[in-house]
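Engineer: Sequence:
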Amino acid sequence: MKWGLLGGTFDPIHIGHLRCAEEVLEIFNLNRIIFIPASRPPHKLEAQITPFYHREQMVKLAIEGNPSFSFSDVENRRKGISYAVETIDYFKKKYLQDLELYLILGQDAFHAIQTWKDWENLLLMCHFIVMTRPGYENKGLTGIVPPNFASQFTYDKSVEGFKGPTGNVIFFREVTFLDISSSDLRQRVKRGSSIAYLVPATVRHYIARNSLYRAP
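For the sequence shown, the working numbering gives the first residue as 1, with consecutive numbering after it.
Misleading hints may appear alongside valid ones.
[To be verified] In silico SDA-like pairs for lysine to any residue, Cα to Cα no more than 25 angstroms straight-line:
1. Lys157 <-> Ser39
2. Lys139 <-> Gly106
3. Lys2 <-> Leu30
4. Lys139 <-> Tyr102
5. Lys139 <-> Leu105
6. Lys93 <-> Lys139
7. Lys92 <-> Thr176
8. Lys60 <-> Pro165
9. Lys163 <-> Pro146
10. Lys60 <-> Glu22
11. Lys94 <-> Gln107
12. Lys157 <-> Leu178
13. Lys157 <-> Leu198
14. Lys190 <-> Lys163
15. Lys60 <-> Arg209
16. Lys117 <-> His205
17. Lys79 <-> Trp119
18. Lys163 <-> Met125
19. Lys60 <-> Asn76
20. Lys2 <-> Ile49
21. Lys93 <-> Lys190
22. Lys60 <-> Thr115
23. Lys139 <-> Leu99
24. Lys163 <-> Lys79
Just so you know, the hints here were simulated from the structure itself, not pulled from any lab data.
As the structure is a prediction and not an experimental result, all values here were calculated from the model.
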């Protein structure tokens, strides 16, 4: 079994998230992609974040009908800040049988990997799929992590990725990046503009029904 884990604030989830997930699913022939909303992202501690319940409902509405997409509230069940290294550890301990884990993230997030908790161990715990934009110059880990750590990863042509000492691979793959941001969507709703075709219709209706992102 090959599972992809896609974390994020998802405030709200949008078509860009879903399209990238669909392409990654196809490229890597994954059995499942699990959407994991962060409870309290460490990089957004000062930001106003919509309560987890609403973000959970929007994710569930967005992925319903796709048997390859599923949802996990694992980060909300833990107290405090959401850390990817703890989430990976949870899945590895709970699903020990023949399970390959792929952590999916964008190139901007990956370039900031040294700001993540216990990042050295994290990069050795599972496969990484780094979604890149068109024109991204793939230099592997050069300039992203210290040279002594980067030297542990060598390019493996057979899998087109950088294999580390634990056998896990960091893949860089170009996907169709739709230039949609959750922050822009929130601003559109706040000023009364349409978000049709930027989010699934079910999510758009949920936002309207629950008066999310409206000016106080």
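Engineer: Quick one, are lysine 139 and leucine 99 close enough, alpha carbons at most 25 angstroms?
Structural biologist: violated (29 angstroms)
Engineer: If you draw a straight line from the CA of lysine 139 to the CA of glycine 106, is it 25 angstroms or shorter?
Structural biologist: The given pair, whose Cα atoms are some 15 angstroms apart, holds under the 25 angstroms limit.
Engineer: Holds or violated: lysine 157 with leucine 178, Cα cutoff 25 angstroms?
Structural biologist: violated (29 angstroms)
Engineer: Is the hinted pair lysine 157 and leucine 198 satisfied, with a Cα-Cα distance of at most 25 angstroms?
Structural biologist: violated (37 angstroms)
Engineer: Lysine 60 and glutamate 22 were given as a pair; does the straight-line alpha-carbon distance stay at or below 25 angstroms?
Structural biologist: Distance ~16 angstroms between lysine 60 and glutamate 22 Cα, so the pair holds.
Engineer: Holds or violated: are the alpha carbons of lysine 2 and leucine 30 at most 25 angstroms from each other?
Structural biologist: Answer holds: lysine 2 to leucine 30 is near 5 angstroms, not above 25 angstroms.
Engineer: Could you grab the alpha-carbon distance between lysine 60 and threonine 115 and see if it respects the 25 angstroms cut-off?
Structural biologist: Violated - the C-alpha atoms of threonine 115 and lysine 60 are around 29 angstroms apart, more than 25 angstroms.
Engineer: For a C-alpha distance cap of 25 angstroms, please report whether lysine 2 and isoleucine 49 respect it.
Structural biologist: violated (31 angstroms)
Engineer: Taking 25 angstroms as the top limit, are the C-alpha atoms of lysine 139 and leucine 105 close enough?
Structural biologist: Holds, because 17 angstroms separates the two Cα atoms, which is no more than 25 angstroms.
Engineer: Taken at face value, is the distance from the CA of glutamine 107 to the CA of lysine 94 at most 25 angstroms?
Structural biologist: violated (28 angstroms)
Engineer: Verify the proposed pairing of lysine 92 with threonine 176, using a straight-line Cα cut of 25 angstroms.
Structural biologist: violated (30 angstroms)
Engineer: Hinted pair, alpha-carbon criterion (25 angstroms max): lysine 163, methionine 125. Please report holds or violated.
Structural biologist: holds (12 angstroms)
In this structure, the hints that do not hold are numbers 1, 6, 7, 8, 11, 12, 13, 14, 16, 20, 21, 22, 23 and 24, in rising order.
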